[in-house]
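Protein chains: 8
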Amino acid sequence: MSTSFKYNRLSKGDAALLLVDHQVGLFSLVQDFPPSEFKNNVLAVAACGKYFNLPTILTTSFENGPNGPLVPELKEIFPNAPYIARPGNINAWDNEDFVSAVKKTGCKQLIIAGIVTEVCVAFPALSAIEEGYEVFVVTDASGTFNDVTRHTAWLRMQAAGAQLINWFGMACELHRDWRNDIEGLGTLFSNHIPNYRNLMTSYFTLTAQK
Amino acid sequence: MSTSFKYNRLSKGDAALLLVDHQVGLFSLVQDFPPSEFKNNVLAVAACGKYFNLPTILTTSFENGPNGPLVPELKEIFPNAPYIARPGNINAWDNEDFVSAVKKTGCKQLIIAGIVTEVCVAFPALSAIEEGYEVFVVTDASGTFNDVTRHTAWLRMQAAGAQLINWFGMACELHRDWRNDIEGLGTLFSNHIPNYRNLMTSYFTLTAQK
Amino acid sequence: MSTSFKYNRLSKGDAALLLVDHQVGLFSLVQDFPPSEFKNNVLAVAACGKYFNLPTILTTSFENGPNGPLVPELKEIFPNAPYIARPGNINAWDNEDFVSAVKKTGCKQLIIAGIVTEVCVAFPALSAIEEGYEVFVVTDASGTFNDVTRHTAWLRMQAAGAQLINWFGMACELHRDWRNDIEGLGTLFSNHIPNYRNLMTSYFTLTAQK
Amino acid sequence: MSTSFKYNRLSKGDAALLLVDHQVGLFSLVQDFPPSEFKNNVLAVAACGKYFNLPTILTTSFENGPNGPLVPELKEIFPNAPYIARPGNINAWDNEDFVSAVKKTGCKQLIIAGIVTEVCVAFPALSAIEEGYEVFVVTDASGTFNDVTRHTAWLRMQAAGAQLINWFGMACELHRDWRNDIEGLGTLFSNHIPNYRNLMTSYFTLTAQK
Amino acid sequence: MSTSFKYNRLSKGDAALLLVDHQVGLFSLVQDFPPSEFKNNVLAVAACGKYFNLPTILTTSFENGPNGPLVPELKEIFPNAPYIARPGNINAWDNEDFVSAVKKTGCKQLIIAGIVTEVCVAFPALSAIEEGYEVFVVTDASGTFNDVTRHTAWLRMQAAGAQLINWFGMACELHRDWRNDIEGLGTLFSNHIPNYRNLMTSYFTLTAQK
Amino acid sequence: MSTSFKYNRLSKGDAALLLVDHQVGLFSLVQDFPPSEFKNNVLAVAACGKYFNLPTILTTSFENGPNGPLVPELKEIFPNAPYIARPGNINAWDNEDFVSAVKKTGCKQLIIAGIVTEVCVAFPALSAIEEGYEVFVVTDASGTFNDVTRHTAWLRMQAAGAQLINWFGMACELHRDWRNDIEGLGTLFSNHIPNYRNLMTSYFTLTAQK
Amino acid sequence: MSTSFKYNRLSKGDAALLLVDHQVGLFSLVQDFPPSEFKNNVLAVAACGKYFNLPTILTTSFENGPNGPLVPELKEIFPNAPYIARPGNINAWDNEDFVSAVKKTGCKQLIIAGIVTEVCVAFPALSAIEEGYEVFVVTDASGTFNDVTRHTAWLRMQAAGAQLINWFGMACELHRDWRNDIEGLGTLFSNHIPNYRNLMTSYFTLTAQK
Amino acid sequence: MSTSFKYNRLSKGDAALLLVDHQVGLFSLVQDFPPSEFKNNVLAVAACGKYFNLPTILTTSFENGPNGPLVPELKEIFPNAPYIARPGNINAWDNEDFVSAVKKTGCKQLIIAGIVTEVCVAFPALSAIEEGYEVFVVTDASGTFNDVTRHTAWLRMQAAGAQLINWFGMACELHRDWRNDIEGLGTLFSNHIPNYRNLMTSYFTLTAQK
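Residue numbers (the numbering used here), protein chains in the order written: chain A, 1 to 210; chain B, 1 to 210; chain C, 1 to 210; chain D, 1 to 210; chain E, 1 to 210; chain F, 1 to 210; chain G, 1 to 210; chain H, 1 to 210.
Be aware that a few hints might be false.
Sample of chain B residues facing chain E (criterion: CB under 10 Å; computed from the structure) [to be verified]:
| hint | residue |
| --- | --- |
| 1 | 69 |
| 2 | 155 |
| 3 | 166 |
| 4 | 168 |
| 5 | 169 |
| 6 | 175 |
| 7 | 178 |
No lab work stands behind these hints, which were simulated from the structure alone. Glycine residues also receive a C-beta, built at the ideal position from the N, C-alpha and C atoms.
The following block holds chain A by itself, in its conformation from the complex (with noise of 0.2 Å):
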């Protein structure tokens, strides 16, 4: 049992967030979550990019074609990451500027999510891998055509020495203390989480009787 496991645990300075393929047209490909509960996923995983000021790149497979442009809300919480359109790479981790982007981060650590899991995130995780890279797979920010398509691409990762994470974790990992900014994560919580939105309009309610 592994007595040499290191925990590399994901750490601002260190982190940097994929958004690999999340397009219009490959969206209409996800059938393994609710569509609502996807989108909610995809964009509480920018929010967290946002909100812990990861380097962050945006990239898309052959947007001029039947997959579509990436869904404008990406690029509208991004405006400024660099945004690599390729021009036909399947492997993100096979475009050139893509690497480059990456390498500029300076960052170890890699956080990937995007449509399909075991294409577009599961290709350049196992890329970056190889390279030496820590890898974070953000699970429910990725989508695939079913749950035997996910679970093949999350076995596979696995054994490559990926670690699966959602985006709650992700930011909690992040994050590390409450007292680092209360409110910021109350408020990414709020945004993203039903009912923890309910928990804290049940609290100040109360509290704010008194």
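Given the coordinates of chain A, assemble chains B, C, D, E, F, G and H onto it according to the supplied hints.
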């Protein structure tokens, strides 16, 4: 087989919207939908109410206790709607102010959504049917503990003559014809159906390129 | 569509509770609920019976054989209730003592729960409907082999005019108004709905701090 | 609500069993049950037919083609039952020999199970209802492609007045009283309900030790 | 219980097929079936329409907008069918050309399938029932957002008197007797039911060896 | 294949129990278990801690805010346990008081359960593994948003060397031999496994009759 | 990627079968399989043991208490197998008689199935791996409370080096080549795989007609 | 965490495709996919093999018995592929002709799909890994009895070093760059991913209008 069936379809001049007990505490009881999907559905019904200018009535049950306040979004969407904070009646129809607000709408079609389905929705639905109203239950904006309690409530209401409908069906039945307002209906769908929004983005991207 | 629907709601003075064959052996046949959830539902129905002072009748089928004795908790909650250990009748309504106990309650509304749904619940439900009783079946306190047998039984009973209800709906329909006894109903919910208990703990913690 | 409901329960003297198209080829189309569970259900219905001495009719559709022969177990259980190998009629009720065999039973209650539910079961069920028979469909001994086709068939038949029942409910409704034959019914259950067999083993082990 | 039930079964001379809004954009909203299964079902219904020579009507909603064109396969199968591109009516029955095309068929049985179930199928279904048609809804060739919206639509239509059917049931009810055309029906099944095709391959392989 | 595997089984002298953030607000985020089942599991783990006299540490996160207080039952079961109300650290292991309480137990096996699985459980689990502890995660007493976040957390922890276990496995591994205390273990199971309680009732009823 | 993997496949001369605690009481705890499917799997494993002449060991836990006796079918299949009724050890490997019976087989491959998976199977599996045995866990003949406890147990055992296998895989890996005994293997499959039996019936029916 | 991971991605020059036992009889055993979805996946893998010109090997097990012949579509797609009808070896790797055909391809990457997953896929997969091949298992073109047997097989193969992949991932990993052949890859996807075909129809419809 019903040779005498009459299709009284939802009609803008004749339909009122009753939002029953969408309170922050009660939301935490809902487990038959993923929370982000359920919240989206509730807001979509409210958006329909506003878009179609339906007379709308808000009501809560015992809101100063653990059930908590109405979710603030609904108050914001309907700032001038009759708001009946029932001091104790579980069935909203047992509250005179509520029934009188319903009657004042002059509508004979009632669209009901609420938490929890088998109580806050089913009770006033059954009472209203008894009094001769045509009742439409918005199934996907009404939440409850689990699938068993959901289907139990649906079958009881179906047997009593309530019509089960979802928010999208409600919107389409009220709108009748896209030409009545293409942009308005499109915006409504775009805001609450991620895949429809993607279709629109795709469409406008490609047609704009011409 | 039912213009002639009459909403005969559950009424404290007029409703009796029939708990049919909740025997230790028969529990092991129930697979349409996780056991701890099912047990909670059964005890919740019993708690409603006691709280609302409903005339309650206990009955078992062939309890000296493999079906085994009634679960002891029910005996403890209703020590003085009529207890009919049927020697062989599968349909409780075929047992004269049972029917006579039902008649002695003077109630015309019968709330039935039991194991298994399609037999021990459905048979007396259909018999009682035939004799003019209003029958309410507590779906979540009635267990059976699997989802197929459950829905089979529900549809048969719905077609015969039984009203499907869950224990929470039953409690709310009987109570009518929180103000009849806030603490009592709150305690009932707190004991059998973990998330409601949490709402109450939250509420009382925050209001106590004032 | 059905004040005029009449509970025509299954009655040994008045009920015939129709086993329709349980053919080896058609079994491979059934995917709404795990195969070993479905086979057990089919054999259990057959065992009921034999145990209760129900007039039983076997029929197959085009058995020399890909649909294949009847599963041999059914032939063995009912060696002397009327056996109608329909040359082409899909609805068994379109076959004169079949209808005449049904009429010869003199029964007015027909219990039907078969493959596939929406055709081989539903068609004769609807035909028989039209001719005034009381029809009972054994849901768990009738198989089809998937849940969608299953529920489609159930709702169509329910609307037409068929009563949905499972094999265990059928057995219990026919038997009426354990005392009519404790050992026989116990054996039937022991052979087809593993958990009931375990109850019996437990019971007899402990009582034998006295 | 329905002593007066009349089984008006689907009849080749009397049934028309209405394919409503199977448009490429709307397909991306469908999540209650795996896409390849749903596509197969839609093509199977179309194949039935062609094979049984049913008068068939194609219609689309706002096809120059995001909903997109009809899937090309349907146009190819029915090159000469009336094709009503509705400029805006959501309920196809609100479109005079559509209704007049329906009337021109002279059929009193209407088979409807479409996207989405609760709107494009349910609305014309309810309208047609009101006008006295016998309506058959092909549940497995009608898609929608999820299981909640599906069952909502089914129960509303069932209550109105629509008959729920799947494409296989529709084919069998129309064909009546294998002998009317063994090869034709076999080919239809072979093309759209993989397990049936396997049965046939097996059968013909073995019989060819004789 | 692991020829060098060492089975360090849970051992009463060497195992401490860490209950992390079972707070009333956070419970409302848990949707991967029915609430009554989850509550039962949490109380069962606590009952194990008490029964086996495990050094137990309670901790909460930001309990004066929306997360709310610890569920009172846990405080009652462990009135004297170290109780660390973390003012802000999300990972309990980042809190010196917590780590020092852990170290003071002298145990090298840590059993962890909490809400939510991927944060409150996974973070201290990974930290503890890194420091050389043997970590056991009680999967069924740890709750989270849904199945995706649950499996994500499980695979991340499994890859790091955590052992996944459920409360029943934990109890059995600690107890080793029924003869160490038949009545005590039996009571523990009877209180938290309804079907086991039924077995015991059955057994004692029959043996008492001798 | 594991270039050093060695495929130690199950081998008739080297594999023993351990059936652990398939007792009538414990069966009632199993809810992760439909009972008739689970029973079939257990009997299939036993049939494999007999057919392949595997040294087989039966063991029970506290069988005079509520856990109850071994299911009689297993005793009948293996009348002469070592039978260790453990007086109290929960982990069978803690029982000297059991371990000594295992050692006496001289096998280094152990195939284990039992109830419940995470205890009666996992504990001896982990112990045996530690002692250098190659352990194969028959997942579909091992039952437990629910899917959470099942997957928890699987992942713990997988991490320790146990090989997960189902009974069909076990049979095929032991048999190696159909030609070793076509009829024997065919009979085994025919008895426990209904769809395989149907294939055989179909095949022999058609080939017999030649 | 695996710093030494090497991402040996599928490579057109180096990968062979092994299609194992996709026989008509064995298809009827597959229940972990809807049949039309599974068939589509199998044909998609085959289409990939042809499109990428992968050396492909077909093999069957005992095809003159109940397992039946290979599905004819595969023979048609690969008329000249080595075809090994194994007379009895269950593990294809035990057949010299098969292994020699594999060796003759000169590839060191083997892509395997078949029926059933835990036998016909897993056995040669494990054998090939042992001999140093890189093995890729196409999970969605490999079918088995149910989810339990599927996951059992996946975990066993994952532990041995097999890489799990789905057919879409396989296609993308082989293609590398859309620019290598946009039309070819688009056609492949259009033929086997209905939603992708819809995207393409939409795209070409709108761009053609320019």
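How the hints compare with the structure:
1. 69: 27 Å, violated
2. 155: Since chain E brings a Cβ to about 8 Å from residue 155/B, closer than 10 Å, the hint holds.
3. 166: 4 Å, holds
4. 168: For residue 168/B, the interface hint holds, since the closest Cβ of chain E sits about 7 Å away, which is under 10 Å.
5. 169: At 4 Å from the nearest chain E Cβ, residue 169/B passes the 10 Å test, so the hint holds.
6. 175: 6 Å, holds
7. 178: Hint on residue 178/B: holds, closest Cβ of chain E at ~4 Å, below 10 Å.
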